[in-house]
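Chemist: Just so you know, the sequences run in chain order W and L. Heads up: the first sequence begins at 1 in the UniProt record's numbering, then just goes up one per residue. Heads up: the second sequence begins at 1 in the UniProt record's numbering, then just goes up one per residue.
To be clear, the hints were calculated from the coordinates, so they are not data collected in a lab. Hints may contain errors.
[To be verified] Here's a subset of chain W near chain L, in silico, CB distances under 8 Å, partners left out:
| # | residue |
| --- | --- |
| 1 | 81 |
| 2 | 85 |
| 3 | 89 |
[Claimed, not checked] Which stretches of chain L does chain W cover? Using the computed rule of at least three CB atoms under 8 Å from a CB of chain W, they are:
| # | stretch |
| --- | --- |
| 4 | 194 to 206 |
| 5 | 404 to 411 |
| 6 | 476 to 484 |
No residue lacks a Cβ here, since even glycine has one placed at the ideal position from N, Cα and C.
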Amino acid sequence: MEQSKMASPKSAPKDAQVMAQILKDMGIAEYEPRVINQMLEFTYRYVTTILEDAKIYSSHAKKSSVDADDVRLAIQCRTDQSFTSPPPRDFLLDIARQKNQTPLPLIKPYSGPRLPPDRYCLTAPNYRLKSLQKKTSSSAGRITVPRLSVGAVSSRPSTPTLGTPSAQTVSVSTKVGTPVSLAGQRFTVQIPSSQATVKSATPTTPTVQNVLINPSLIGSKNILITTNMVSSQNTSSESNPLKRKHEDDDDYDNL
Amino acid sequence: MRMREPAEGLLGVGGIAVEDQPDVSAVLSAYNQQGDPALYEEYYSGLKHFIECSLDCHRAELSQLFYPLFVHMYLELVYNQHESEAKSFFEKFHGDQECYYQDDLRVLSSLTKKEHMKGNETMLDFRTSKFVLRISRDSYQLLKRHLQEKQNNQIWNIVQEHLYIDIFDGMPRSKQQIDAMVGSLAGEAKREANKAKVFFGLLKEPEIEVPLDDEDEEGENEEGKPKKKKPKKDSVGSKSKKQDPNAPPQNRIPLPELKDSDKLDKAMNIKEATKRVRLGPDCLPSICFYTFLNAYQGLTAVDITDDSSMIVGGFADSTVRVWSVTPKKLRSVKTAADLSLIDKESDDVLERIMDEKTASELKILYGHSGPVYGTSFSPDRNYLLSSSEDGTVRLWSLQTFTCLVGYKGHNYPVWDTQFSPYGYYFVSGGHDRVARLWATDHYQPLRMFAGHLADVTCSRFHPNSNYIATGSADRTVRLWDVLNGNCVRIFTGHKGPIHSLAFSPNGRFLATGATDGRVLLWDIGHGLMVGELKGHTDTIYALRFSRDGEILASGSMDNTVKLWDAVKAFEDLETDDFTTATGHINLPENSQDLLLVGAAGLCKLIRRKELFYGALDFLIKNKNKKKEREWLSPIKRNGNGLCWNITFGKLTAPQ
Chain W
1 MEQSKMASPK SAPKDAQVMA QILKDMGIAE YEPRVINQML EFTYRYVTTI LEDAKIYSSH
61 AKKSSVDADD VRLAIQCRTD QSFTSPPPRD FLLDIARQKN QTPLPLIKPY SGPRLPPDRY
121 CLTAPNYRLK SLQKKTSSSA GRITVPRLSV GAVSSRPSTP TLGTPSAQTV SVSTKVGTPV
181 SLAGQRFTVQ IPSSQATVKS ATPTTPTVQN VLINPSLIGS KNILITTNMV SSQNTSSESN
241 PLKRKHEDDD DYDNL
Chain L
1 MRMREPAEGL LGVGGIAVED QPDVSAVLSA YNQQGDPALY EEYYSGLKHF IECSLDCHRA
61 ELSQLFYPLF VHMYLELVYN QHESEAKSFF EKFHGDQECY YQDDLRVLSS LTKKEHMKGN
121 ETMLDFRTSK FVLRISRDSY QLLKRHLQEK QNNQIWNIVQ EHLYIDIFDG MPRSKQQIDA
181 MVGSLAGEAK REANKAKVFF GLLKEPEIEV PLDDEDEEGE NEEGKPKKKK PKKDSVGSKS
241 KKQDPNAPPQ NRIPLPELKD SDKLDKAMNI KEATKRVRLG PDCLPSICFY TFLNAYQGLT
301 AVDITDDSSM IVGGFADSTV RVWSVTPKKL RSVKTAADLS LIDKESDDVL ERIMDEKTAS
361 ELKILYGHSG PVYGTSFSPD RNYLLSSSED GTVRLWSLQT FTCLVGYKGH NYPVWDTQFS
421 PYGYYFVSGG HDRVARLWAT DHYQPLRMFA GHLADVTCSR FHPNSNYIAT GSADRTVRLW
481 DVLNGNCVRI FTGHKGPIHS LAFSPNGRFL ATGATDGRVL LWDIGHGLMV GELKGHTDTI
541 YALRFSRDGE ILASGSMDNT VKLWDAVKAF EDLETDDFTT ATGHINLPEN SQDLLLVGAA
601 GLCKLIRRKE LFYGALDFLI KNKNKKKERE WLSPIKRNGN GLCWNITFGK LTAPQ
């Protein structure tokens with residue numbers, strides 16, 4: 001910090017001289033020159049705020065002029081708002097005594113990174129994916145896959161239980177090869193095209209559910225992906241069984 | 001203003017804690033009208049006169065009364081709204097007080113009205129806690145006799161109300177002895193406060209097998225000679241099979257188990273410890289400077305890992321920056337899908353999980369919303385903690401370089417934080433006058449250490465992780481037990497806020513540095529001051545012992561780093577029964593002897609073909625030896641040497 005130069009009486013305004021004197025009285029010998037400006041700014045703002053509040057209180061009390069009581073009230077109200085001070089000592093001793101009575105918790109062995117429960121961590125993604133609204137095809141048994149490519153790579157496809165034609169829901173659960181999911185990683189969920197070839201003739205009602213990736217389930221441990229196949233207008237599409245929309249089957253992300 | 005109840009656990013029953021004292025008749029409220037305000041000056045002058053006329057041997061002890069009486073009388077006048085009397089009282093007597101109380105008196109001079117007292121927590125605490133004085137029995141009898149005469153009853157009332165006089169039997173203390181111990185906001189520490197048993201020994205190290213390498217054999221093995229490949233056991237741990245009586249039981253507090261990577265680290269440390277050169281007055285460490293350029297005076301916290309591979313800087317612009325100081329760059333772990341592709345069984349899986357594309361020497365971590373005042377690496381180098389003015393402590397992962405958790409508890413600036421030497425626990429201390437113990441997997445603190453009268457500026461773990469030392473702006477250092485949160489030691493003696501603490505590696509001693517420019521050495525087991533290192537002229541912000549405890553390095557705002565001979569400072573301690581009973585100390589005036597390096601001068605450092613010039617307080621040795629030498633690495637801020645972090649590391653390549 002540079003030594004402050006004593007402002008020559010001619011150039012510095014009176015307020016600045018007063019502020020410099022206050023700093024000197026409080027024992028502060030070295031300070032940057034901008035400190036005086038900042039202190040003056042603060043002083044001006046604080047005093048005008050208090051006086052304005054005092055004016056309001058005095059007019060509320062139907063007094064003709066602002067007096068000391070109004071100012072005192074204004075100061076008191078502002079102190080509680082802006083200048084909070086730490087809790088008093090007896091309060092701290094009290095809660096400390098309570099907290100220190102509980103014994104230290106035992107440490108579970110071999111539990112990976114020791115972090116608090118997920119909702120107290122900052123590891124969850126702070127976004128949620130929007131599901132695409134697409135008309136589904138009907139009886140082809142083709143799996144409609146809304147494109148949800150978000151990030152770079154996807155989870156490794158395993159064998160989602162689509163094989164059974166009667167399955168209505170697809171849940172790609174932890175069979176997805178559990179890569180170590182790490183904080184903030186982006187990912188794509190992809191149902192691989194290999195399964196789309198299950199074009200069994202069995203007419204199944206198109207599986208129509210929403211694909212929702214539940215962000216809260218994505219912690220730092222495993223990726224649990226429940227995917228339900230989507231189509232929002234399933235009811236309407238069912239009425240047009242012959243209408244088939246060619247989905248973009250071919251442009252899945254290649255692994 | 002409503003009267004505050006005295007804080008529990010700290011005060012006696014409104015009287016002097018000696019059995020043969022008569023009980024005080026009325027329970028007075030904190031600052032009731034004690035008499036005619038105009039007569040306060042007379043009372044004080046009367047006492048002053050009495051003390052000055054007393055015998056020499058008693059005078060020093062009785063002079064301790066001046067400061068607390070002055071403050072309490074002044075505050076009482078202010079509280080009862082006798083402004084003009086308060087002012088004249090202050091003018092008349094504030095010059096008589098000791099020089100080390102000048103800062104407090106300055107603050108006091110700005111408290112002229114009753115309303116001013118409300119917001120000042122420190123003054124309120126001073127009002128409600130009792131100022132502790134240690135006086136010998138003879139001096140006390142003298143005082144009591146004088147004050148109980150009728151006209152001095154007011155002062156006697158004040159003394160009983162606001163002071164705690166700890167009486168001991170023995171010789172009255174000299175001024176020098178008293179000056180060494182006083183200075184804190186609450187007087188000295190009561191003797192009972194330092195009587196609890198403290199387990200200052202180290203925990204037993206686990207047995208680790210250290211395989212011998214071929215390269216260690218340095219030409220001893222000639223051809224034909226069978227090489228002995230017996231794995232070397234950890235000689236340090238197996239020395240004493242029986243339990244050290246001063247060491248805490250292994251399971252006193254739960255500690256995390258050692259992972260394989262931790263065991264590898266320990267084996268590495270043991271190997272290096274055997275190669276380490278013993279430091280001493282004739283074998284000083286060599287120096288390696290790391291300078292933060294273009295920091296614009298914004299570097300506010302610094303830490304370095306134990307193996308000196310990474311340095312972290314906390315800045316006033318709320319960023320945390322991590323540098324790698326070895327040729328190996330900082331990498332973050334690959335993304336989830338890439339990780340699924342690697343072969344998990346390969347030997348170098350720990351290398352393969354790293355993403356080469358993210359390699360860089362510097363990583364910047366954003367997240368805080370205020371200047372970062374404390375940083376700490378975890379011992380396993382996986383995590384980083386940072387504490388900031390925004391009231392939070394953040395845990396960062398050094399594998400992904402993202403923020404994992406924000407621990408909210410202090411709602412005021414957190415001045416310091418540190419990981420435990422075993423990881424998992426960490427301590428933080430802040431403006432709210434408490435220090436908190438956290439575990440990384442709990443979002444609330446496990447322990448709260450409340451008792452300081454002003455901000456907790458510095459907090460450190462003991463090497464055995466069972467105790468935490470906190471230094472505060474109330475000029476005391478307290479030692480807290482992690483197990484139950486009790487304060488087991490109170491060390492007074494500094495005359496300014498404490499800014500640095502260092503435990504000696506053997507766990508027995510504590511070194512503290514403050515704004516008064518002195519480094520004080522404390523014996524934890526006995527609870528006494530055992531040394532004072534004078535020489536610095538400004539605040540000491542950094543203190544560190546060398547790895548084997550031979551040298552203490554102190555870095556200060558007077559642009560110097562001084563190395564002190566710790567071995568000599570701690571030998572021949574006077575700890576006979578007398579000193580432990582009364583808490584007296586006789587400090588040897590040996591600061592000059594202990595100062596290892598005292599010649600100021602320019603030195604040249606050559607490191608990697610760059611030349612650093614630094615004005616230092618010591619000479620540098622630059623010998624070329626194959627064996628590894630310890631080096632001292634001060635970290636300068638802005639090339640002006642204004643901010644220091646000192647650690648003792650190892651030079652891994654000959655220079």
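Chemist: Quick one: see if chain W covers the stretch 194 to 206 of chain L, three-plus residues with Cβ-Cβ under 8 Å.
Modeler: Our answer is that it is violated, as 0 residues pass the Cβ test (under 8 Å) against chain W, missing three.
Chemist: Does residue 81(W) meet its interface restraint, that is, does its C-beta lie within less than 8 Å of any C-beta in chain L?
Modeler: 13 Å, violated
Chemist: Can the stretch 476 to 484 of chain L be counted as covered by chain W under the rule of three residues or more with Cβ-Cβ separation shorter than 8 Å?
Modeler: Holds, because 3 residues of the stretch 476 to 484 of chain L bring their Cβ atoms closer than 8 Å to Cβ atoms of chain W.
Chemist: Have a go at the residue 89(W) hint: is there a Cβ in chain L nearer than 8 Å to its own Cβ?
Modeler: For residue 89(W), the interface hint holds, since the closest Cβ of chain L sits about 5 Å away, which is under 8 Å.
Chemist: Let's test the interface hint: is any C-beta of chain L closer than 8 Å to that of residue 85(W)?
Modeler: 5 Å, holds
Chemist: At a Cβ distance under 8 Å, does chain W reach at least three residues of the stretch 404 to 411 of chain L?
Modeler: holds (count 4)
This entry does not satisfy hints 1, 4, going by the numbered hints stated previously.
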